[in-house]
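Per this note's numbering, the very first residue in the sequence shown carries number 726; after that it's consecutive.
Simulated from the structure, these hints should not be mistaken for laboratory data. Please note: incorrect hints may appear among the correct ones.
Restraint ranges, calculated between C-beta atoms of paired labels, are given here [unchecked claim]:
1) Asp973 - Gln948: 42 to 52 Å
2) Leu883 - Arg1125: 30 to 40 Å
3) Ala842 - Gly779: 29 to 39 Å
4) Ala1059 - Leu1286: 38 to 48 Å
5) Asp872 - Asp1357: 14 to 24 Å
6) His891 - Arg1136: 20 to 30 Å
Straight-line distance between alpha carbons at most 20 Å, and here's what the computed EDC-like set of lysine to aspartate or glutamate pairs gives [claimed, not checked]:
7) Lys793 - Glu832
8) Lys900 - Asp821
9) Lys1320 - Glu1104
Even for Gly, the Cβ is constructed at its ideal location relative to N, Cα and C.
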Amino acid sequence: MNESSGVLAIAFRFAPLGALASAIGLAVLMALGTAVGGGEANAAGRAGGSAGPGDMQEAAAAAKQALKAKHGEKSAARIDRGVEQVRRIWRPEDGDAAGFGEFVEAEFIPAGEALDAAFERFEFALERIAGYSVSLSRDLQQGVDLDLGPMLPIDLRLAGYDPSAHFTDDFFRNKLAFVALLNFPLTTLRERLDRGMKWSRREWAETRLAQRFSARVPAEVSQQITAAAVQAESYINGYNIYMHHLLDEKGRRPFPAGLRLITHWGLRDELKAGYSDPEGIAKQRMIQTVMDRIVRQEIPAAVVNNPLLDWAAVSNAVTASPVKDLAAPPGSTAEPRGAREADERYRRWLANFTAGRLADPYFPDDPTIPDRRFNVDREIPESEVRALLESVLLSPLGGRAGSLVAKRLGRPLEPFDIWYSGFKPRASYQEANLDARTRERYPTPAAYAADIPRLLREIGFSPDRAHFLAEHIEVDPSRGAGHAMGAARRDDKAHLRTRVGAGGMDYKGYNIAVHEMGHNVEQVFSLNTIDHTLLQGVPGTAFTEALAFVFQARDLQLLGLAGQDPRSEALRALEDFWATREIAGVALLDMEVWKWLYAHPEATPAQLRDAVVATSGEVWNRHYAPIFGTRDVTLLAVYSHMINRALYTPDYPLG
């Protein structure tokens, strides 16, 4: 998962949907054979200001006339656009009509050396400001993000402070933002889609510069959004299930002592590991029950992150545990309480929704969180993303792949088989053996960091390039499942976070580390090797996810366990299709729930829970039930990203 938008997005946009779907279909058909044998934005009003009284329009007209008289018709288009960009965002507190006119006449910069110099000053300043804000936020969030011991109450307050919250206010107050808007172009999504392929990198950088000031979101709103996100992140980071304390119907403990799994990542990956375990199917069914309890909020609150209690997930009974395999986190109770979690999962989701909505008035042309996630962040209209997802889900190849999975399993499909991992080479390895190998190799985060140069060389980078990349990546022990946090200034480092237990990094942590390393490599390239830092980052998260998946697919190869051959490549195509089909449904569910939230802005956590359960069943019944033969399944809703990352999940199937 990446925490850190461009020309590649435009190229992606220009690929016809039919061509993309055909490419997917062709790859899967070949693999089956081998295996068996607009939201257009209007930049002018984006900051939420009104056009103002008639005297402002008169002042703008007079200023345009004066500037054209001074700089000539060659600057007329820039003058008209720049003055209008400032006027539409100017507020009474910025000055009266006379002050507005004086400002734009004094601050307009004609094209040439002076404009080039101003651009360079802006680029340098924004890199330093953004860069130090990112590193300061990273430092303040250590208590929440990193496994540094018990989390303290003050950690949430420190992490909830956003050092960049006042940036927009300050830049408008001292009018630097208006200087940028006067002299550099705001563009609509449609302009970028239609013309962007012909722009130079400098033109793209100018566009990104103006976009920094396309909305005036007040500091107090930014702070509330950050605080809600941190609270949700902390909730997810601490949502662990102690697996040895899960009891089956006969009171047995199917899972080994000391196994603590975070939801959803750890539970899902343990379920995947079950395909190589002779006793795996019983464990997989139990994990499915746990996931369903979490989604429906029937899970007893006391068993979350608590090794002092045993939980029979099928009957939902809770008892005091006679087994002591792991130290209990502070606040754990030994009292066998059976009260359910009381919709806390959905309370956190609603808190992010409520905070995010506070910014809606400042984006009149992208007035909802989904609008901004697709039109502003991804720069791919939601309708096109939806069409891509459905092209995969509605493909008849899904049924053929499902039949192949059932044949390979030797049994009818069960709902958890959406995560079937038997196409991967690792399916032939016992998870315990992989754990032993990774723990020996990586007893500490530092051990993984020291091995990054070799890992990158194995992937195919030259020794010099591998050394350069490794120098810019730092590895931290994650409290949560793991993530990559890029830098924003060239003299800082990207940070790789993954779980490292007391006995070393298990295979799940290693697999995540390789994925996050892919993010980090992109982050380093996108900052330290480019001409304009204003173009930092890939076009959208989907593209960095794509690179991370390329790395992750080579995790066994990096352990010296898997090579490449035609059959494994064919199986990889099937794996990619099956995995994309799974996460595409998650993304559609995520999109539908956010649509529901805006239709029901006063919803309670219980109402949101019921809507998520119902919608997940609807998506499942349409796209999965015909293949799996089971209806009203909730598994698509278990993804933690839905709670702590607004509409993040569509980036995974795109990637």
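Which of the numbered hints above does this structure break?
2, 5 and 6
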